[in-house]
Amino acid sequence: MIIKKINSKKGALEMSFSWLFAIIVGMIILVLVIYGVNKGFQGGQVEQSALIGKEISVLLNPLETSFEAGKTSSLSLSSDTRLYNKCDNFGGFGTQYLEVSQKSFGEWVKTDFDITFSNKYIFSDNYVEGKKFYFFSKPFEFPFKVADVIYMTSASDFYCFEEFPEDMGDVEEELTTLNQENIQVGECGEENFITICFEYGSNCDINVNYNSKSVEKQGEEVYFETDALMYAAIFSEKQGYECQTRRLLQRLENLAQIYNEKESFTSSNGGCSFEIGADLNVLKSSAASVQNSGELIQLRNIVEDIKIKNNRAYCALW
Amino acid sequence: MKNQRGQMKIQQMAFMLITVFIFFALIGLFIISFKMTGLREQATNLQEKNTMLLLTKLAESPEFSCGESFRNTKTNCVDLDKIMALKNNINIYQNFWGVNTIEIRKIYPEIEEEILCNAQSYPNCNIIEVYSKEGAEEGIGLSNFVSLCRKNEENGISYDKCELGRIIVGYEIK
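Sequence lines, in order, name chains A and B.
With the working numbering applied, the first sequence corresponds to residues 1 to 318, in that order.
With the working numbering applied, the second sequence corresponds to residues 1 to 174, in that order.
By construction, these hints were calculated from the structure, which means they are not laboratory data.
From the three backbone atoms N, C-alpha and C, an ideal C-beta is built for every residue, glycine too.
Wrong hints could be hidden among the right ones.
[Said to hold, decoys possible] A few chain A residues facing chain B, derived, Cβ under 10 Å:
id	residue
1	I29
2	V31
3	I34
4	E55
5	V58
6	D114
7	S118
8	A147
9	F265
10	S289
11	C315
[What the hints assert, rightly or not] Straight-line distance between alpha carbons at most 27 Å, and here's what the computed DSSO-like set of lysine-lysine pairs gives:
id	chain 1	residue 1	chain 2	residue 2
12	A	K39	B	K35
13	A	K145	A	K307
14	A	K86	B	K133
15	B	K35	A	K54
16	A	K71	A	K54
17	A	K71	A	K132
18	A	K103	B	K35
19	A	K54	A	K132
If we strip away everything but chain B, and leave its shape as in the complex, we get:
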């Protein structure tokens, strides 16, 4: 009888300890998941903010910017001839900007059909796929309006031709 009561007490204590253990484990899990959600949200917000700033920075970076090629220094101006040269050397720029894709679209004057730019179609085209990260999905896109400038020739005279375009950057949601 005394032995049975002792066993009961041990069982009670064991159950009690397991319950306490599970209770604290659940609280721990709850705290971790709460922190992880906050962290993911913070990371996504920072990534979005970073990409927005990168958009402005990209148009001013040496690989994209017009510099003083078109007489005066222009802001938010992309040199199309330079972009075509960059496209030929894009393999070395893998992971350089920390984004998934960079695309430039000519929006005015409008061309009805979508023509991808390559050595043959340039400059009579309206989409330049500048960069695409190997093995990455397209992700979310953010865009900014830019001037797209290049040198053009008419009747043997060279002149600056600037059109309206959009630079689109795709980034990954983390």
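The shape of chain A in the complex, shown without the other chains:
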């Protein structure tokens, strides 16, 4: 009507200043609103990531007390989530990073927000995806307790452990009593399981050689000492496994130093005599020189010696 009126008077595309002003200011307001909504949405994602990270931290604390070992905890989330598991070895203990990414409008929204821990050791694939996640833990003792390591899996990944050899001790019982829904022990059949075999088979996704203490997964091989690291090798990818194992050794080095100094406190005040101090120094320097899991074997004999000496001692150091 207005344009028609203007058209009839002065020609095409001419409009009053008030209309032009309203359109320009309206557009500015619209742009600001879109920018604000976008920023708010990104902030919400970071907030959600931080919240999930803190919840995981709270959930994992009880798992790190040894009397909760062999129990499963789960975390259920309302939308599809990816938990990225990353690690580095800088500083005295290295760092465990968890990054949370959630699906929004069909796309994974990644935030630059990492949840970091120095005192946790989480073994999993590079990322685990789903709405429900399982966590269980086991103490890593080498020869003293170094940490409670945590294994993280998605409820949508099913693991099946097939045919345990006779000399495997209580691993089978341990996994059965764990009662974790995505872990099955025994006959795996044709189902969509990630199959773990202890004697090489053609239909196995992961092969564990308990004699040579090695795990072969996706064509790559890693080595372990103790059952805690065997599970770690099964549930994680090579890069993550090597990094977290190195972090465990960093803590072992520091604990060896503490036990060495404890020896002198206990000797002077408690009247105990020890013969482990020198071995603990060797363990500390040997652990510092281990660069990958293939070199863990270098520690086996010294660890066994220290374990025997501590068990025989009148005053045990740990």
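Mind docking chain B on chain A? Use the hints.
Relative to the frame of chain A, chain B by itself:
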């Protein structure tokens, strides 16, 4: 006259737009402050819950726990000799537990005066300042009862001596 009325209309519209803009900005600010308050409360609650769980975890962690040093495995038992060794190496543990302070106090048998533990006063002391985060304030403290065990010697015989204590963890309010 016509020109003046046009100017009036522009002014009216400008005022109207500014008012609408301010109105939405105020609503936005209100929503943000409301969300921030909720977030801060949630963060504080989670931090408190985390610290409570950390208290139990600390006594069981390899740096603190008695393990099997005192014959049987004990829960909530802190090895005092190990703590003194840890205190000597505490610099490497900066930010390791995510708390501001860790202190252990012997509460029974009671010693009347407060004696800080160091290489000279140990074991005849009752307060061990295990960890203090560099540059951090003390924050809020949460505590838990623990057994404090060490080896002791009397008449040339070594024996296990366990006393009652409290482990106090200070954390920051965010």
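Hints versus structure:
1. Interface hint status for I29 (chain A): upheld, as the beta-carbon distance to the closest one in chain B is roughly 6 Å, under 10 Å.
2. Interface restraint check: V31 (chain A) against chain B, minimum CB-CB distance 12 Å, threshold 10 Å, status violated.
3. Contact between I34 (chain A) and chain B, as hinted, is not supported at the beta carbon level, the nearest pair being about 13 Å apart and thus beyond 10 Å.
4. Look at E55 (chain A): its Cβ gets to within about 7 Å of chain B, closer than 10 Å, so that hint holds up.
5. At its closest, the beta carbon of V58 (chain A) sits 5 Å from a beta carbon of chain B; the interface hint therefore holds under the 10 Å criterion.
6. Interface restraint check for D114 (chain A): the shortest CB-CB distance to chain B comes to about 14 Å, outside 10 Å, so the restraint is violated.
7. With a cut of 10 Å, the hint placing S118 (chain A) at the interface with chain B holds, because the nearest CB-to-CB distance is about 5 Å.
8. Hint on A147 (chain A) holds. Least Cβ distance to chain B is approximately 7 Å, under the 10 Å limit.
9. For F265 (chain A), the shortest C-beta to C-beta distance to chain B is roughly 4 Å, which falls under 10 Å, so the interface hint holds.
10. Given hint, S289 (chain A) at the interface with chain B, is violated; its Cβ is 19 Å from that chain's nearest Cβ, farther than 10 Å.
11. Annotation: interface hint on C315 (chain A) holds; nearest CB of chain B at approximately 6 Å, less than 10 Å.
12. Note on K39 (chain A) and K35 (chain B): the hinted pairing holds, with a Cα-Cα distance of about 14 Å set against a maximum of 27 Å.
13. With a C-alpha separation of about 11 Å, the suggested pair K145 (chain A) and K307 (chain A) falls inside the 27 Å cut-off, and the hint holds.
14. Distance hint between K86 (chain A) and K133 (chain B) is fulfilled; the C-alpha atoms sit about 25 Å from each other, no more than 27 Å.
15. For the hint pairing K35 (chain B) with K54 (chain A), the CA-to-CA distance comes to about 18 Å; that is within 27 Å, so the pair holds.
16. For the suggested pair K71 (chain A) and K54 (chain A), the alpha carbons sit about 20 Å apart, so the restraint of at most 27 Å is met.
17. A distance of roughly 16 Å separates the Cα atoms of K71 (chain A) and K132 (chain A); the hinted pair therefore holds under the 27 Å criterion.
18. The straight-line distance between the Cα atoms of K103 (chain A) and K35 (chain B) is roughly 22 Å, inside the 27 Å bound, and the hint therefore holds.
19. Restraint check: the Cα-Cα separation between K54 (chain A) and K132 (chain A) comes to about 16 Å, which is no more than 27 Å; the hinted pair holds.
Hint compliance for this structure: hints 2, 3, 6, 10 are broken, all remaining hints hold.
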